[in-house]
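Novice: Keeping their order, the protein sequence lines are chains A and B.
Residues 90 to 437 in the working numbering are what the first sequence spells out, letter by letter.
Residues 2 to 119 in the working numbering are what the second sequence spells out, letter by letter.
Don't read these hints as lab results, they were simulated from the structure.
The beta carbon of each residue, even a glycine, is placed where N, CA and C say it ideally should be.
Careful: at least some of the hints might be erroneous.
Claimed, not checked - Listed next, with one range per pair, are the computed distances between beta-carbon atoms:
(1) Glu67(B) to Leu247(A): 21 to 29 angstroms
(2) Glu59(B) to Glu429(A): 34 to 42 angstroms
(3) Lys80(B) to Gln163(A): 35 to 43 angstroms
(4) Lys37(B) to Gln163(A): 49 to 57 angstroms
(5) Val52(B) to Tyr225(A): 51 to 59 angstroms
(6) Asn54(B) to Lys179(A): 38 to 46 angstroms
(7) Glu411(A) to Ser63(B): 49 to 57 angstroms
(8) Ile190(A) to Glu59(B): 35 to 43 angstroms
(9) Ala238(A) to Ser63(B): 30 to 38 angstroms
(10) Asp60(B) to His401(A): 45 to 53 angstroms
(11) Asn244(A) to Ser41(B): 53 to 61 angstroms
(12) Ile190(A) to Lys37(B): 21 to 29 angstroms
(13) Val52(B) to Asp346(A): 21 to 29 angstroms
This is what each chain is made of:
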Amino acid sequence: MFDIRKMEIKRKISVYIALCFIVTLVGCKKEADVKKEYSQGVFAMDTYMTLTAYGEKGEEGVNEAIEEIQRLEQLWAVTSTTGEVSQINKNGSGEISQDTIEIVEKAQEIMEDTQGAFDITIYPLMELWGFTTGNYQVPKEEERNERLALVCGENIVLNKEDKTLTLEMGQKIDFGGIAKGYTSGKIMDMWREKGITSGIVSLGGNVQVLGTKPDGTLWKIGVKKPGDTEGNLLGILSVSDCAVITSGGYERYFEEDGVSYHHILDTDTGAPADSGLISVTIVSRDGALADGLSTALFTMGKEDAITYWKEHKQEFEAVLVEESGEIWITEGLEDKFSTEESYQIIEE
Amino acid sequence: MKKLVNVVKDKKADFILLSGLFGLGVIFLFIFLVGKNTSSQSVVVQVDGEVVNSFSIEDNISYTIEGKQGSNELRIENKKVYLIHADCPDKLCVNTGKIQYVGQSIICLPNKVVIEIK
């Protein structure tokens with residue numbers, strides 16, 4: 090009895106000491122230059138990006154990040170004549186630099202894990218549908234099948250020693266489904282190395298955050314309600330140190346004969362994915378993974394997406410929205426997701 | 002008729018110029034950093050990085066933004082911000098619908114227009 094009380098007192102004292110310590114730390118943080126904010130917007134990678142970093146190194150960090158974005162854009166843009174991707178698409182093979190090796194490896198990993206639901210060789214199909222140019226058309230089934238035969242990421246050969254990438258005849262690659270996530274992840278690494286502890290990048294809606302907000306609270310990331318044009322929210326995710334990336338088919342689409350066709354193509358059918366999901370949001374520490382999975386799970390549909398999550402739940406969490414409006418969140422997001430809507434929890 | 006064809010052609014050319022960089026490039030703004038809602042929220046309009054105008058979200062206005070390639074018709078109504086019309090070929094900016102929270106934005110890539118609630 091006596092011992093327990095003594096322990097109780099000891100515990101109280103240690104909690105007290107710990108609290109003092111935390112208060113002091115927070116005090117220090119505030120006195121230092123942690124709150125200095127530097128923010129910059131830039132048009133790049135076919136989108137508008139905003140970057141914000143806090144602290145002494147914030148400005149430098151943001152400027153270096155923008156230079157890096159522009160360098161990667163040049164490297165990977167399908168229309169840049171000097172870029173590695175455009176050269177490879179033109180010649181069937183070509184030399185690649187370290188970043189391209191890394192992004193291809195990551196893409197191959199996601200492709201294998203998702204059994205091809207995510208595939209960087211889908212470009213010839215995107216071209217056929219006109220999503221790359223805006224000259225939209227609904228292709229004939231024969232044409233679709235022809236192009237579909239080219240969509241096979243397994244057939245591209247990455248040679249890390251020679252630093253080359255080789256495609257099969259007629260294949261074309263595009264990093265559009267992973268580049269922004271890869272880039273935001275890379276920016277986080279750059280900032281971490283500089284000693285920046287707080288920052289956020291929004292690369293065309295792909296959000297990735299470093300640490301917490303400068304005041305120590307979580308970043309609040311709003312997710313738009315899919316298909317809602319009145320500006321209502323699906324919910325808010327409160328997060329630190331992770332990427333939040335959404336795929337949905339409800340903004341880029343075209344209509345023909347009263348049918349609308351969105352831009353996320355199913356690698357099995359060669360047509361816009363019709364899986365019953367209208368929006369998939371992925372939360373992960375790995376930006377490139379979050380980017381790739383948001384597309385892959387969107388095309389998989391709810392059941393397969395849930396199965397996939399159960400097999401990889403260490404790597405990510407997800408919010409799925411069905412056409413019917415039903416919302417499903419994985420159990421790891423239960424205390425991070427706030428919404429006025431009703432939702433169901435996916436448990437293991 | 003001839004004139005119309007020309008116009009259509011020009012628009013397509015512009016779009017290809019501006020959007021061919023990343024084949025699957027998307028500008029969806031499904032997600033955004035939620036800012037603090039204050040009593041004096043403003044709607045800031047930028048063209049190619051320069052602030053060209055700003056309004057209070059309390060305003061009820063129609064405003065024509067002269068963008069890089071064409072114009073966008075902005076409307077603020079009942080504390081919601083949206084584009085009712087745009088000259089751009091893809092109309093992604095109009096399809097964005099209404100925004101109302103601090104941190105949200107509407108982007109028109111071809112016209113290099115950024116509308117943000119701050």
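Novice: Check the structure against each numbered hint from earlier and tell me which ones fail, lowest number first.
Specialist: 1, 2, 4, 5, 7, 8, 9, 12, 13
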